[in-house]
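With the hints in hand, could you dock these two chains into one complex?
Protein chains in written order, with the numbering used here: chain A, 1 to 478; chain B, 1001 to 1493.
Think of the hints as simulated: they come from the structure by calculation, not from any bench. Be a bit skeptical, because a hint or two may be false.
Derived pair list, reagent style BS3-like, types lysine-lysine, alpha-carbon separation capped at 27 Å [as the list claims (entries may be wrong)]:
#1 A:LYS425 - A:LYS352
#2 A:LYS302 - A:LYS425
#3 B:LYS1363 - A:LYS365
#4 A:LYS33 - A:LYS302
#5 A:LYS33 - A:LYS157
#6 B:LYS1155 - A:LYS425
#7 A:LYS302 - A:LYS157
#8 A:LYS425 - A:LYS157
#9 A:LYS365 - B:LYS1095
#10 A:LYS352 - A:LYS302
#11 A:LYS365 - A:LYS425
#12 B:LYS1155 - A:LYS302
Remember, predicted model here, so these are calculated numbers, not experimental data.
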Amino acid sequence: MIAIGAPYLEIAVLVCGMAILLLETFATKMDRKLFAYAGIVVLTAVLIGSFFLAPQETPQSASAFWNFYIADGLAIFFKRFELITTILVLVMMIDYAPEIQRSMDRTGTNLGEFFSLPLLTCAGLMYLVSAIDFIFIFVSLELVTISFFVLVSFARKDAVALEAGVKYLILGGVSAAFLVYGITWIFGATGETNLQRITTSFAGGNVDTHAATFGAVLIIVGLGFKIAAVPFQAWVPDVYQGAPTPVTAFLSVGSKTAGFVVLIRVLQPFLMLPNMQRLLVLLALLTVVYGNLAALPQQNLKRLLGYSSIAHAGYLLIAVVCLDGPSLAFYLVAYLLMTLLSFAVLILVSQKTGDEISGFDGLGKREPFLAFAMLVAMVSLAGLPFTAGFFGKFFIFASAIAQKQFVLVAVGILTVACGFYYYLKVVRAMYWPAADQPSAQNETITISPLSRLIMIALMVATIVLGVYPQPILNALKH
Amino acid sequence: MLLFLVLCPILAAILILIGAPARFTALVTAILNLIVAFVLFVEFDRAAAGFQFISSTVVSTDWGIHFAFGVDGLSLLMLELAALVSVAAVWFTGKIDSYESAFYACLLLISAGAIGAFAAIDLFFFYAFHELALIPTFLLIGIWGTGNRSRAAWKITIYLTVGSFILLIGLILLYQSLPASARSFDFRDLQTAATAHALAAPAQRHIYLLLLIGFGVLISLFPFHSWAPEAYASAPSPAAMLHAGVLKKFGLYGLLRLAVPLLPDGAHYWTQLLVILLLGNIIYIGLATIAQKQLDWMLGYSSVMHMGYIFLGIASANSIGSTGAATLIFAHGLSIALLFAIAGQIRERTGTLSFDDLGGLAKVMPFAGLAFGFGAFAAIGLPGFANFASEIMIFFGAFRHGWEMQRFHLFQIATVLALWGVVISTVYMLRAYRATFMGTMPERWATLVDLRRSLRIPAAILIAALIIVGFFPQTVVNIITPAIRTYFLTANK
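The following block holds chain B by itself, in its conformation from the complex (with noise of 0.2 Å):
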């Protein structure tokens, strides 16, 4: 079943550049992978910690490298997100002028590569999926963006190449650190190592500093971020949408996958560089965020803000932070899918994204209000949505990391700043919404048309899925919290 979740998407690309009817091809393998991935939900053994649904094929005995899959509770909410996001992508892709076909290849090439990622259980193919969205990317927001797409394009390429590169390198050293008798690309293998104490405290610090920096670059960790919200900015809504919803999340991924339960020490030693970068994300980018004056930029900017949350969430790392952070990374990813989209619409309507020129579009755009509306509130971590459930995870994870009673700890500290944050996040998110729906509207966007029926499909799954999350959190932790809990009776020695 995860083959059929990976190899799907890449064989309708196919399909669809050797000449098939490219929306229809697109539409139904997203919506198959969905079904899939919702059976796979399903059937899940939620008691269980390890690995389910495992495949493995050897690819080369001489390195040990397996083309293997397999899904634990973290993985698998991983799993629905990118399936949930890529339907809501591909059904919000608009008309295209150019290489039609092309588009949706490049959507579900993305959509491919991030499953990979999150299914695989071995190093090799995890890293290596990830990269397969690399091309795909750079042509979407190069021969489909708007703005600067040029400069976008590049600037997000030659930062996620280098990111990567340094992950790579971080991975590579990770492998060949371990006493050759353990040596493997195996997460499970892996896993056995840690528990074992096979990695030296030194050498994990160097490792977790690499992994850091090359998955912190992936993610726009603060002084690492530039690119994320020109990027967004310019690229088609669909290609934001799988990008800042699903493949930015790979670093998170990846930082709760390996970095924190197989390096122990490493995360300990450079607990205190991450919350002071963290912050930098949630108040320096947050007031960042306030400063935009268009709606495109403003949500580019906060969905490296809310990044900090996460980041938090695994930088305390005990069991209710790292859960509020897996369950936060699913959140945000529906969350700011659906304002991009709803973001997309307008411009497809206006052409235009500037606070100045918008205005009052409620009126004539009931349903895109509604929808907006409902992400923001979401985004901002209103009670009864999915963000806000995971972010009181993290807020009570991060406030007792290291609780001492005699002192106020780094900790509570940035738990406090953290909190601030979320007023930062209401102050842009209302502002942004008054100044596009609310208030005098401009004639000449009288005629503007609501979003279309068939439209009004993915906004409700992906609202649906917040709201859900939000009232019955339990529905998520259940089968997160055991996967999690493995780690930290690894770490905690």
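Chain A on its own, in the form it takes in the complex (with noise of 0.2 Å):
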């Protein structure tokens, strides 16, 4: 059997990349799609790579390039986490690239840029996802924070764009900053920067523990920025927003995964300090309540997904403060499946009517598909048995009764109400419209069949997936 070591990945989706970029500069009469379709299909391919992996070296044994890059079962779980969601952006990029010309005045151009920029991304998420040293995680989160200043802003001949663009570089630099800073912190305290040898020198005991502290703060405060936890979230809804819609569901599920796996990996040395778990508390309870609350009122699809996705950052944070990892990647598993599902709806419904919840008046007549998809999403989301996001919430509750954390759990059940009604604003609105005009949107929406099969697989993998978990936790074990 074919062994692969688990580093080639990364390698090889970063010179997919790169060719992709050169390909544009240099020839400028190819198909720009065929670029996209190149790169799904490499992705493809080391996927099934991932399945071929030679057993790892030990850190211990190893040179100084394992000393920071970990491929343990979690990582290999993420990569390939990180590898579909990107396949998917892709998929939905080409059904954007209409959206994406029109905005450029020349048709056709810079859209090689397009398609490639997601790759560099993937290839940053897959080092963080395996990164336990906090040099190498600063450079790959830089990869990844660098490729979406482009990504997000790249309509640039939108106002709302460059809004976007600008904030996101603007917090992206500074939470950059602050995560640079506890670094040096807990860089001056245990004089390490690797995660294994600062849990062997807490473990020796003469640590300055308010050193480590406020570096430890000053690194979720990093983190933070990534996962939009509350009170860091306040670039969310805008960048949801301005960006194309593809990068809005990258940022959404590619960024905040590799920012949770992050998290839980720094965490791990970290909890044993004090008041730490407290801290994680507080967040996690502010960002469940601030996401939901919200959310309530949003008119604009995007903007309310932006919302949601704080709200689930709130429950994916119960998750780490009752260090649970398996409850942890169940979730983002399912929240992956329903996220790019409703973007991917939604892509194809905004090209005609906009992306308004209005926008989705009476899809249920026009589109049954769409909003059957639709449905599935917003149910999942929402939380309702029989879907992966039920199974998500449920492990997730348990794991926090288990550990007796009812504040969080209270606090959880209230707002899990109010995510019924936002949600299942989305499908009233696709259903039975509010104001019984006839919907003066009579033009049908083309489907291509790839982004139909991917809709119909995400849907299938959502019902699946919430009768039937084993295979995901099966798949974390290794």
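The structure is reproduced here in structure tokens:
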């Protein structure tokens, strides 16, 4: 059997991204959509390759590189996760390409960049889930963030997109600064940047816990921006609304997931510090309450999904508080399925009728397939049984109850009820529009076979995992 | 066979959404289910106390969740109710203007949710199947409802969501309060653990309160009832039949199945609270029902009121009271479904259900008048109907509970007040009957036509079931008693 070293996966993705960039520059005659298809093929190949990995060398015996790179079960699982996300985002980008071209005046310009940047981001995300050294965490985080700077403001003729880009740039810079500052404090306190060695030096005892706590708090602030935890969420609604929709989807799934994986890796040594858990509980409480309450009055679906992604970050933080890796991972998988499904529908619908919720009025009559897909996504986001979203919430609440975090549970329940309201608002719009005006939008929406296939796959996966969650739990055990 | 009962409506709903002829498929499915349910009833071994017809598939080994089904006497009775009312609800569905296929798919999904919840013997799927019905209910009321349908749809959905998540927390807490070795989602294992007194009394109190509130919201227990009349008044009548007749009974079934047998100490601790709340249902809601000016609102309130009697049977925590409660669940489900069905037929013809506009309809709709009369008399609890047989058991059970000769006990007071409740329900049912079917008929209703001939079949089925159980209560008491008796072997240590 062929065995592939884990780092080759990222290298393959990086090479493919660079190749597309070169082709964009020199092969001016080529159809740009081919680049996206090439990207999808390569990523699929890498995804398949990830099932033939050579057993990893243990960090102790290995060379310098292995000191900051780990390919344990968690890392492999999330590498696949990020690969799947990127493939789905590329499919959405193909559907979205006409919008980009419209905002760029000249046809076809720069589309190659639009398709290659997600590959570079994907490589960064894959490094991020493997990183166990602060330096490496920082470098790969920057690879992700800088690609996103470009992607968010890609439709640069559009004032809203530019605003989103500037906001993301500034807050991304600030969060990076917090992160680096935190890393220096921890380095000062422990003399290490490697997470495993930091754990040992904490166990050794002669560490200034105040300095280390301060550093850890700064790092939580820095990562808080990435996962959109309250009070570091201010950028989310505007950026989500302004960015091209596939990029929004990528931000809310890919970037957030990597943030959570890093958070749970980084926190492991620091949870023995005093008050750290209390701080996280507070963060989780603020995040679920703010995200859900702020989502209630939203009329724009992209903005609504932005706030809902803050709310979901809150539920995920509950899993982080309980240090429950499997629940976190399952919730993230469910989150991937339902979020990408809703964005896939949104991209198709918004090209005709805009991304206000009122644009979905009467979709149940116009496009029963899209409406049903959206129904599945919304029901799963709300957390109804027989969808993956319910198992996600079930596992998280179960571990919160096991840890006796009853305040979190009680607040969580109330906010779930809020969630039902704003997700079902979309369902209501699709099936019984508030004003019974004959909808003027009679244009039919063309769904490409590829995206129809993807949507069906996402729906089926959402429902199957809602009945039979064991495959994901097994995949984590590795 | 149980798997067939559960999966058949779901498959049919999918087929209908894809494009199968809606009414035909739905009706055939519902009738097939009724036949299978009847076969189960005949095949059921009445002497055995445990679960029968068990089928089980592992879903998650880590969590010990099984896709497991089985019935004992209690759940079998619930299944019969669900199958009977499903047939009637589908049959009574009139012409649907928009999204006809979605309407029937939603009805079938509610039916599947109820059947799945009643047949499941795994805590997880017991809960999950009930939630399956939430979105179809939301859509049924929202799309096809009347009156202030949007408000009613939101209200029922938010109420039931909060209720069921409180319930979920209670169930998870129940699971985690067991010692690690005894943790299981399986009803049978839970029962064994309860028999071995694996749950400490203080833990039982917390869990029972959560379950009581969670189930209470779903059943419209007194302070949490306000969603019910509004939703039933706005819902299209087949949806109201299924929800009031079957789905709402999930909460009562849950109390009988889980709360009473597994948490006897908790149930004992909160008895007084429950008795006070259920008197709120019987007296306060009863009086509110008398004040209603519309038939649909009156029926909605009356269904809330009658929950009080079932609660009384459950609260009495003895074999006869609980058997009465289980029988009344069955009887009330049938009678309220019949009443909502006839009310729906009237609304279809007249466009109004306000008592001021109606009157004398028995002249033009004699069969509707007859069927409504049967339903109303059953709901009052006239001897000869199943409701009477079960209420009498409840009253005996409740009066006997904690029998102390020296002083008049809380339960005896409650029983006396509940008996006055029967008078209240007589008042509002007869008033409604008079206002709708008796008296002078406004000219404009002279051209109304009676129920179609084919619609008389489901009405006759419901009436026949009510009367058979009314005259021969032993047919159902026989199958419930072994199941209930095992509970109180546990409870009375």
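Checked hints:
At roughly 20 Å between alpha-carbon atoms, LYS425 (chain A) and LYS352 (chain A) fall within 27 Å of each other, so this suggested pair holds. Of the supplied pair hints, the one linking LYS302 (chain A) and LYS425 (chain A) holds, its CA atoms being roughly 14 Å apart against a limit of 27 Å. The hinted pair formed by LYS1363 (chain B) and LYS365 (chain A) fails the criterion: a straight-line CA distance of about 42 Å is larger than 27 Å. Restraint check for LYS33 (chain A) and LYS302 (chain A): the C-alpha separation of about 25 Å stays at or below 27 Å, so the hint holds.
Proximity of LYS33 (chain A) to LYS157 (chain A) is assessed by CA-CA distance (about 22 Å); at most 27 Å being required, the pair is judged to hold. For the given pair, LYS1155 (chain B) sits about 13 Å from LYS425 (chain A) by alpha-carbon distance, which is consistent with the 27 Å threshold. With a C-alpha separation of about 20 Å, the suggested pair LYS302 (chain A) and LYS157 (chain A) falls inside the 27 Å cut-off, and the hint holds. Our distance criterion of 27 Å between C-alpha atoms is broken by LYS425 (chain A) and LYS157 (chain A), whose separation comes to about 32 Å.
Pair hint LYS365 (chain A) plus LYS1095 (chain B) holds up; C-alpha atoms about 18 Å apart against a cutoff of 27 Å. Taking the CA atoms of LYS352 (chain A) and LYS302 (chain A), the gap is about 15 Å. The hint holds against a cut of 27 Å. For the given pair, LYS365 (chain A) sits about 17 Å from LYS425 (chain A) by alpha-carbon distance, which is consistent with the 27 Å threshold. The hinted pair formed by LYS1155 (chain B) and LYS302 (chain A) meets the criterion: a straight-line CA distance of about 26 Å does not exceed 27 Å.
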